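Chemist: Below, each chain spelled out in residue letters.
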Amino acid sequence: MTAAVAAPLRDPAAPLLDVEHLSMRFGGLVAIDDVSFQARNAQITAIIGPNGAGKTTVFNCLTGFYKPSVGRLTLRTPGGGTYLLEQMEGHRIAQHARVARTFQNIRLFPRMSVLENLIVAQHNKLMRASTYTLTGLFAAKGYVRAERAAVDLARYWLDRIGLSPRADEDAGNLPYGAQRRLEIIRAMCTEPRLLCLDEPAAGLNPRESAELNDLLLFIRDEHKIGVLLIEHDMTVVMKISDHVVVLDYGRKISDGTPAEVRSDPAVVRAYLGEAEEDELPPEVATDLQTIVKA
Amino acid sequence: MVAVAQQTAARPAMSLPAMVKDAAIFAAVAFTLALPLLGFRIQDKGSTSFIETRFGDLFYAVLVLFIAKLLMSLINAGLARPIALVTGVLSLGWIVVALVNPVAPQYQVHTWFTWLVVASVAIRAWVVWRAEATAARGVVAGVIGGQDSHGTQIGHLVARLGRQLGPVFFLIALVMPFYAYFADDKRLVDLGVLIFTYIMLGWGLNVVVGLAGLLDLGYVAFYAVGAYTYAVFSVKLGLNFWETLPVAGLMAASFGVLLGFPVLRLRGDYLAIVTLGFGEIIRIILLNWAELAGGAQGIGGIPRPSFFGLQFAPSAPEGQTTFAQFFNLDYSPFHRQMWLYYIILLLALITNWFTLRVRKLPIGRAWEALREDETACRALGINPTNTKLTAFAIGAMFGGFAGSFFATRQGFISPESFNFLESAIILAIVVLGGMGSQIGVVIATIVLIGGPEWFRDLELYRMLAFGGLMVLIMIWRPQGLLAHREPTITMNGGRAGARAK
Ligand SMILES: Nc1ncnc2c1ncn2[C@@H]1O[C@H](COP(=O)(O)OP(=O)(O)OP(=O)(O)O)[C@@H](O)[C@H]1O
Ligand SMILES: [Mg+2]
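Those sequence lines, one after another, are chains A and B. In this text, residue positions in the first sequence follow the numbering used here: the first is 299, and each later residue adds one. In this text, residue positions in the second sequence follow the numbering used here: the first is 8, and each later residue adds one.
Everything labelled a hint here was simulated from the structure, so no lab data went into it. All of these numbers come straight from a predicted model, not from anything done at the bench. Watch out, some of these pointers could steer you wrong.
Claimed, not checked - Below 30 Å or equal to it, Euclidean Cα-Cα: the simulated DSBU-like pairs (lysine-lysine) are:
1. A/423 / A/439
2. A/537 / A/439
3. A/365 / A/423
4. A/423 / A/522
5. A/537 / A/522
6. B/28 / A/365
7. B/367 / A/439
8. B/367 / A/423
The following block holds chain A by itself, in its conformation from the complex (with noise of 0.2 Å):
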């Protein structure tokens, strides 16, 4: 990026997040061996790869939760800056590089309320508004502004989802499916530039699926943030995203649009691995099965 070519109009697809080199081992195992990729604003970048591969650990990297063994994690602010998330706490990284995620279980509050998950994302902005409490505790005019601010963003969401007859209730009564859902929104309130989510269509039926993928183009489209989609189901994966990146072994074996890696040969070896198609678990069969026909 020189200075020369600092276009007036802002690309929207600007690199967001470049991974370069990251590795990972725990003890003797190396979950992540030597992996980059870039991610883009507004783009879908889905992260796949066999049960194992190492896709949770390279979330669990980029969230702060792990210390990467090597690598550099570069994530990029529209106004130029950068933040090198590898030397950053896990909850400065949501709170200022504003990285938001969900987990493969689901991780809701599940004796507060809906509502209540979605202001609890919002901690930050309400700590300033109430002065770090003090303000707060005499329902000053800034905090009580600020809090309504709050449940307005909260209920823009929840329409989008359309939990929003449902928000006093605990989260932890909701269906499996509005749980998975709550979870994303719940992350979009901390108003993050890159959303990394993990496995978010795990366990829903083919409705609730289509939803998610209508969710997640929404939040691609409308609001321009980068999105890290680790997925199993490939249909998911072929239909929404703009770009994959393939992992194996804590390797990348293959980086690029869904069109390019689906006729990969080393994806589909990986897929196939040296087993016969016959002895593969079902789950790789039928990921098998979208690849080739997809």
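Since the structure of chain A is provided, determine the placement of chain B with the ligands on it from the hints.
Modeler: This is chain B with the ligands only, laid out in the frame that chain A set:
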């Protein structure tokens, strides 16, 4: 360990060797902590004193804890039902046996300790068993949080009633001393003061345990810090109660942070053990710090509170008036008692106001979110360190205020007043009341502090009956009497509104 049920229920099952290892580590930590507390005892025999070792008792205690921890792991591994049945029958059966055939005094401590541990395991097993049964019936997540519609309805009812009965309770509390004054019932005011002291402590600890979900077994330490700060400042520097109160609160809050730092990473049982140790350490420091804290003798002659400069005394020194003279009354010790009552009532109400208010602020919501899921909090940009430390500090501050009050009420304090039993009582109030419930604390205090007064006729069996009652309540409602939580902010006019639609 009911308080940590929510956290531990989600733990994945371990293999048997892992369980044994876990229990061994647990026992080793307990051993290290208990060695100085239980292992040695200074005995006085006439003019000589010598150190008596009590390794037998120590090993016995550690062994019981080891087995209990192992059972806890097995409960999580799916054996909740058989363990609940066996330990439940054992602990209930023992009560019956003890009633028929009292335990010999030399075995009493051992038996009580064992019984308490077995009963705790029984309760825990019961909770997990019920949670599993509920989950099996197809209810997703949040299982322990009292999904039984029966309990929720009670909670609902009390919450609704609470809003209307609150002012009524408040009025009763306000006029009660006058009733006692005219009925000449001094014990009633004393009991009122005692109850409100514990209500305030319960509300203070509720911030730490109920809201932030940090199981603190050493809360009495902050009570002690507040009391000693007040005693030292008033006796040595001559400051009055209201001047010292903020200092005592601040001092206790600093100790809260001091305790908070090392335990930030600990959860559940381990947090409980370390906070318990902290409480004991503070007590032992006070016991040995002769110059400042007076050692075992404590500090006496602590100034009693005055009514805006008017002393409560039969006669005043030259040039001063007493309260009775000023208002043209006959002197009565009742006056001071009533004034103390109103001070603690005010302090308790401030604590309540603060907690209710802070629950609706980002920091309060962050505490509750932290209790629910610390990992998710971090992913949302909440700093767990600061959030936990503020919870410890604020909880400690209210403990410190209550401690100051205790010192001025007693006029004399010594380390004996701040032993583990106090922490246990305050924690019991919070857990029994339903963690996080303000009105639950009030009801639990009346039951726990007022209760033993009513059971006085049972004499020796008082504590037994009382412990039995508590066990029954925890079996009946493991989430506490009033574990009903109203959302701190609503969109559709609350749950009732949503349901009506
Ligand atoms: N904290 C950890 N300690 C040790 N090993 C770990 C840790 N976290 C992950 N691993 C290992 O790293 C490898 C990659 O795990 P990861 O969870 O990233 O896989 P994944 O691609 O997300 O798989 P899945 O599709 O099953 O979610 C696995 O072998 C796993 O056992
Ligand atoms: Mg994973």
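Chemist: All hints, please: hold or fail.
Modeler: For each hint, the structure was consulted:
{"no.": "1", "hint": "A/423 / A/439", "in the structure": "holds (15 Å)"}
{"no.": "2", "hint": "A/537 / A/439", "in the structure": "violated (47 Å)"}
{"no.": "3", "hint": "A/365 / A/423", "in the structure": "holds (27 Å)"}
{"no.": "4", "hint": "A/423 / A/522", "in the structure": "holds (21 Å)"}
{"no.": "5", "hint": "A/537 / A/522", "in the structure": "holds (18 Å)"}
{"no.": "6", "hint": "B/28 / A/365", "in the structure": "holds (28 Å)"}
{"no.": "7", "hint": "B/367 / A/439", "in the structure": "holds (15 Å)"}
{"no.": "8", "hint": "B/367 / A/423", "in the structure": "holds (15 Å)"}
Violated hint: 2 only; the structure is consistent with all others.
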